[in-house]
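Q: What follows is the residue order along each chain.
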Amino acid sequence: MAIATLAAPVDFGREVLPLLREHCFKCHSHEAGKSKGGLVVDSPGGLSKGGDNGAATDSGKPENGLLMRAIRRQAGVEAMPPANPLPPRALAILERWLMEGAPWPKSVAATTTAKSGTRSGGITEADRAWWAFQPVKIKAISSPSGIDSEISKALASKGWTRAPKADDSEWLRRVSFDLTGLPPSPAEAREFAANPDRAAAVDRLLSSPHFGEKWGRFWLDLVRYAESDGYRADDYRPTAWRYRDWVVSAFNRDMPYDRFLRLQIAGDELEPDNPESLLALGYLRLGTYEFNQRDAFTQWNAILEDITDVTADAALGLGLACARCHDHKYDPLLQRDYHALKSFFSGLAWIDEVPLDAAAASRIAAWRKETASQRENLDKIEAAHRKTALRDARALFPPEIQKLLDAPREALGPFQKQVRDLAYRQVLLEYDRLESKVKEVKEREEIKKLRLELKAVTPEFATVSTAGDIGSRVDDPVLSKRGKSEAVPPGFPSVLDGMGVATEIRARANSSGRRAALAAWLTRPDHPLVPRVVVNRVWQRVFGRGIVATTSDWGTLGEKPSHPALLDGLTRGFIDGGMRIKPLVRAMVLSETYGQASLRPDAREMREADSENAFLWRGPRRRLEAEEVRDAILASSGNLDRSIGGPAAGDDKMRRTIYLKAMRNTREPLLAAFDAADGLQSTPQRLPTVTVTQTLLMRNGKLTAQQAAEMAKSMVKPGAGGAVDELFLRVLGRPGRPEESSAVENALAGAPGNEARIADAAHALMESNAFLYLD
Amino acid sequence: MFPTRRRMLEQAGHGFGAMALAALMDSECGAGVSAPHHAPRAKRVVHLFMAGGASQVDLFDHKPELIKRDGQPSDFGEKVEAFQNGLGPWLRPQWAFKAHGQCGKMLSETVAPLGAVVDDIAFIHNMSGKTGIHSQATYLQSTGFQNPGFPGMGAWVSYGLGSLNSNLPAFVVMPDHRGYASNGPKNWDSAFLPAQHQGTILKPESKNPITDLFPGKYGDFLGGGADAAGLGTLSRLNMSHAAERPGDGRLEARIASYELAARMQLAAPEALDFSRETPEVLRLYGLDHGRASFDREINALEETDAMGRKCLAARRLLERGVRFVQIWSGNDNGFPRRNWDSHEDIRRDHGPLALGMANAVAALLVDLKRTGLLDDTIVIWTTEFGRMPSSQGGKGRDHNPHGFTTWLAGGGIKGGITLGPSDDFGFRSADKGRPTLVYDVHATVLHLLGINHERLTVRSGGADRRLTDVHGHVIEELLA
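Protein chains in written order, with my numbering: chain A, 1 to 775; chain R, 1001 to 1480.
Keep in mind that the hints were calculated from the coordinates and are not lab data. You can take every hint at face value.
Using C-beta positions, here's what the derived DEER-type ranges look like:
{"no.": "1", "chain 1": "A", "residue 1": "291", "chain 2": "R", "residue 2": "1299", "range": "26 to 36 Å"}
{"no.": "2", "chain 1": "A", "residue 1": "499", "chain 2": "R", "residue 2": "1421", "range": "54 to 64 Å"}
{"no.": "3", "chain 1": "A", "residue 1": "375", "chain 2": "R", "residue 2": "1177", "range": "41 to 51 Å"}
Derived lysine to any residue pairs resembling SDA-like cross-links, with alpha carbons at most 20 Å apart:
{"no.": "4", "chain 1": "R", "residue 1": "1130", "chain 2": "A", "residue 2": "298"}
{"no.": "5", "chain 1": "A", "residue 1": "702", "chain 2": "R", "residue 2": "1231"}
{"no.": "6", "chain 1": "R", "residue 1": "1130", "chain 2": "A", "residue 2": "302"}
{"no.": "7", "chain 1": "R", "residue 1": "1130", "chain 2": "A", "residue 2": "397"}
{"no.": "8", "chain 1": "R", "residue 1": "1079", "chain 2": "A", "residue 2": "397"}
{"no.": "9", "chain 1": "A", "residue 1": "165", "chain 2": "R", "residue 2": "1245"}
{"no.": "10", "chain 1": "R", "residue 1": "1414", "chain 2": "R", "residue 2": "1475"}
{"no.": "11", "chain 1": "A", "residue 1": "329", "chain 2": "R", "residue 2": "1459"}
{"no.": "12", "chain 1": "R", "residue 1": "1079", "chain 2": "A", "residue 2": "293"}
{"no.": "13", "chain 1": "A", "residue 1": "702", "chain 2": "R", "residue 2": "1228"}
{"no.": "14", "chain 1": "R", "residue 1": "1130", "chain 2": "A", "residue 2": "325"}
{"no.": "15", "chain 1": "A", "residue 1": "165", "chain 2": "R", "residue 2": "1244"}
{"no.": "16", "chain 1": "A", "residue 1": "329", "chain 2": "R", "residue 2": "1454"}
{"no.": "17", "chain 1": "A", "residue 1": "329", "chain 2": "R", "residue 2": "1471"}
{"no.": "18", "chain 1": "A", "residue 1": "702", "chain 2": "R", "residue 2": "1208"}
{"no.": "19", "chain 1": "A", "residue 1": "702", "chain 2": "R", "residue 2": "1214"}
{"no.": "20", "chain 1": "R", "residue 1": "1203", "chain 2": "A", "residue 2": "669"}
{"no.": "21", "chain 1": "A", "residue 1": "403", "chain 2": "R", "residue 2": "1079"}
{"no.": "22", "chain 1": "R", "residue 1": "1079", "chain 2": "A", "residue 2": "395"}
{"no.": "23", "chain 1": "A", "residue 1": "702", "chain 2": "R", "residue 2": "1265"}
{"no.": "24", "chain 1": "A", "residue 1": "137", "chain 2": "A", "residue 2": "576"}
{"no.": "25", "chain 1": "A", "residue 1": "26", "chain 2": "R", "residue 2": "1474"}
{"no.": "26", "chain 1": "R", "residue 1": "1130", "chain 2": "A", "residue 2": "396"}
{"no.": "27", "chain 1": "A", "residue 1": "26", "chain 2": "R", "residue 2": "1454"}
{"no.": "28", "chain 1": "A", "residue 1": "702", "chain 2": "R", "residue 2": "1206"}
{"no.": "29", "chain 1": "A", "residue 1": "439", "chain 2": "R", "residue 2": "1336"}
{"no.": "30", "chain 1": "R", "residue 1": "1079", "chain 2": "A", "residue 2": "396"}
{"no.": "31", "chain 1": "R", "residue 1": "1079", "chain 2": "A", "residue 2": "400"}
{"no.": "32", "chain 1": "A", "residue 1": "702", "chain 2": "R", "residue 2": "1229"}
{"no.": "33", "chain 1": "A", "residue 1": "403", "chain 2": "R", "residue 2": "1082"}
{"no.": "34", "chain 1": "A", "residue 1": "702", "chain 2": "R", "residue 2": "1227"}
{"no.": "35", "chain 1": "R", "residue 1": "1203", "chain 2": "A", "residue 2": "668"}
{"no.": "36", "chain 1": "R", "residue 1": "1130", "chain 2": "A", "residue 2": "300"}
{"no.": "37", "chain 1": "A", "residue 1": "702", "chain 2": "R", "residue 2": "1258"}
{"no.": "38", "chain 1": "A", "residue 1": "437", "chain 2": "R", "residue 2": "1334"}
{"no.": "39", "chain 1": "A", "residue 1": "437", "chain 2": "R", "residue 2": "1333"}
{"no.": "40", "chain 1": "R", "residue 1": "1130", "chain 2": "A", "residue 2": "400"}
From a predicted model like this one, the values you see are computed outputs, not experimental measurements. The C-beta atom is built at its ideal place from N, Cα and C for all residues, glycine as well.
Same shape as in the complex, but just chain A (with noise of 0.2 Å):
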């Protein structure tokens, strides 16, 4: 372990520059204002050209620098930091640095000398020559032969070679979780093994309509989707699943991926009578949401500030978040950038209770008719008590806000009347309780019959919350800094201003434009990030890392990517077969690099060298995510619910995890303890960890243990033979190695269909490493 990460190069903004900040800048920086004997060292300027007594770093013979020399305390010269030794680790962080030659990433350096907060001079030329703002230039890869030069070509730099071909149920096994989530059921198993046709599976699979709930589930991650409000009341979003049900069918229709970004952006703008733009703008409904936040100002511009985010985190591959105070320390992001892409969703609405289609439009309208005299009648009760909910959720509300309350709503700005509608939810939310708010009892009871009546007679329509503009004009958002005010209209981030500037916004009846723009923009086919961010993500999900393996964090301080040439293959390639994800993941399942083995016992300079299998030297082994989980192991049992889509359903059912009710606060234990993704933040990569949790869940929770014994139960049956075949058939779908198999046999041995042995058994390899891991 120490070799691994010893042996790398040591980081220069993560480890170097905050331990020459914590002990050198005070007296030897541009920050500090200070050059102590004549000394900064916030610059490799600074470094060579030294101080007093000459540079400061020696690029021949690095151990006898003047500062190698001074933070080793060796004779001769200043012992520094002069008080106190540094500790050890960052003695040695820093020696290990200046015995590399003190590198210091250009992109790094112009922040250093700036007074804090502001990158001086802007963007440089060096900030725009980052390999990941330069276009997309290579021919085009998009077979797996392709793939497999490539990889074939770093392999044999190292001289390495690929693992033989995995065997063909492992390989099954594999593709089936890869592409649906799900194992192979045994008799997919058996007709594979009778004919074992891999291009066949992989096209069985990827129409499956699985592919969408196991693919989706990858953009629901990066959009932090969950269906309640979280903070402290932790609504539910009755309609919210509509959104994730559009992005399953997206991904089942391989809907090209600009197109995909487009509609969630900006659909109301750009595609206004298709109705899949209300679903698929649920995208600017998921964040969450407080409902007692008397601030409301600040809330929106939270929610405005949030969607930002997630839009870079997801599309841009670039942590925006800390530009929104200052200028990015490291990345080329500027704070007026962050406000200028916050500046595009300036306009948002929150439109709710629409109706999908005109079908349903027409039976809401019908029912206000047959209803009104009856609505009618309940208003006229209600309007008093209304009056006063009003003014008691008024009163609570900060003396700017209460104005806007008060002002007729046309009268408002545009800011002005978000502001409004988002407090005004909390006044409405006060009518909602008037049963249980009016004091009068005679009156409470009237309003609680005359509500339950119109209930029993109002149907679910099928409606959906969804997003649009608060009209044509919107307020530019405001950036205030050193007590100055700014104003600040949409733009594209600066480091990228090669990519055109958003000048071309034109404004709609009831939208402002700028979404669209932005969705134009994200979606050009010469964009430098999105195309390669959405390749590597797919990348990352088929082989268990990406090419780029930070894969949303695409400034100087990810990493760069380990088959470049690869990477911008895969890209053009993407974008001439006109932005499709299926050809793609096709593609990469397709090629000898995934079907090699996983196990590869012999390869132990390889393993030493690349422990992370970056070179793929080997098949991906991963364990099974919380979903795959659950959904295997109902699966296995037989009483997995495979039907797609629709509301949420409790924990209780059966259906595929992905359809279960996604609370923010209190997430399922499984999808929690296997380290599923939490609906708060964007979650590009989930970090699956090993913990005693997992294991209590798995030896004594309810799931595994029902699950086995009605497995056990369907099992034992007359003239069922065969009980261990059949059990790895079901559990892992693929037949048990002679080793698993003595061993299950063994428990079964003496009392052959037991159904309690059977259970046990069949509890045993459900928690096994065998099914939890993927080779």
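Starting from the known structure of chain A, fit chain R onto it as the hints suggest.
A: The following block gives chain R in isolation, referenced to the frame of chain A:
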């Protein structure tokens, strides 16, 4: 830096074998801070959280001016936003105050039991938050951020320091037995830290004190001996599987997790077995009342019992090497009130809650001192915000995010002191521009644990995240 190394270990998928195992077992030497940033003064933390908003002026922050002006129209000298119309006349503290200890600290009679240990306590009376919203204020105090998605303080400590006893979780949470506080389990979530750092809920009153520690009724069919047989089969399966895949630490870690689970099955009930305590200790915690049920109305006896059990469990857990114990008093908003959100009646609700808390917490401090644990255990008492010095509806108090009290005791803390102060009414920091913030408290606690709060970072969402966001100063005056 160490988090990177730590992360590599925890993902554990990269052929580190024995090291992955060590990360799972997480013994003292194998923890995240390979060497502390500096010499620690403390090893363990007890975090006491009064959910709903405990009143500073009725418990710890003595304000003669408020007594003098009782009933006069309140005037804050500035525009104040109430959460619920709570700007009635000044309302005097609902209990008399008396000097305690050598330090002569004035304490309200409803927390008078703490007088016995007041010379060990350092009070901060100028705490300030950012919001009067329960959820956000609770997040701020528990995770350092107002919005969800960040690890609880205990998760950071577990991540940074690891466990002192691999048979028990490093971070244990005892929620109020009547329900969660605002945000529920999200207050002790691991968020972007690896899952093993999230707080493990422990219910001292339950037969199955940790979820799934023992088989539930669904496991009953397995019957005698079957569990062992199943484990035997499992072990054979896992051993042969791992042998074919050398160098995959994850597989070895999972095998080890069964041994750990078995040890936890012994360790957790043992840690919660109060029958091993002497009658004197049970009396100390107020657990010698011999009653099996309590009155329906909120009462101090029951509150003492509830909090006493948690505090005694905490001492036993700390003794056994649990790193961070979080105890919650008060469920989420609800009626009848079993939380500190006394909008309606301070006397009715704060009275028994505070007395029960003070009995139990005083016992905890005495006991920690008696056992020597207090030398390297930090005890923090806090809440999400304070309450207004003005009245709401005559007898209650509204939320006050501008001023509240937090106190600390134990390892490395200078006892018998009071920092702040708050203004004459206990409304906010006397030096308005310089309140003490939760970041400062967090920075100080990490400092005492040997961690530089600016250097315990984890990269998430394109930013190096830390418990103290971009803030926090170690409160030097607190350090012994």
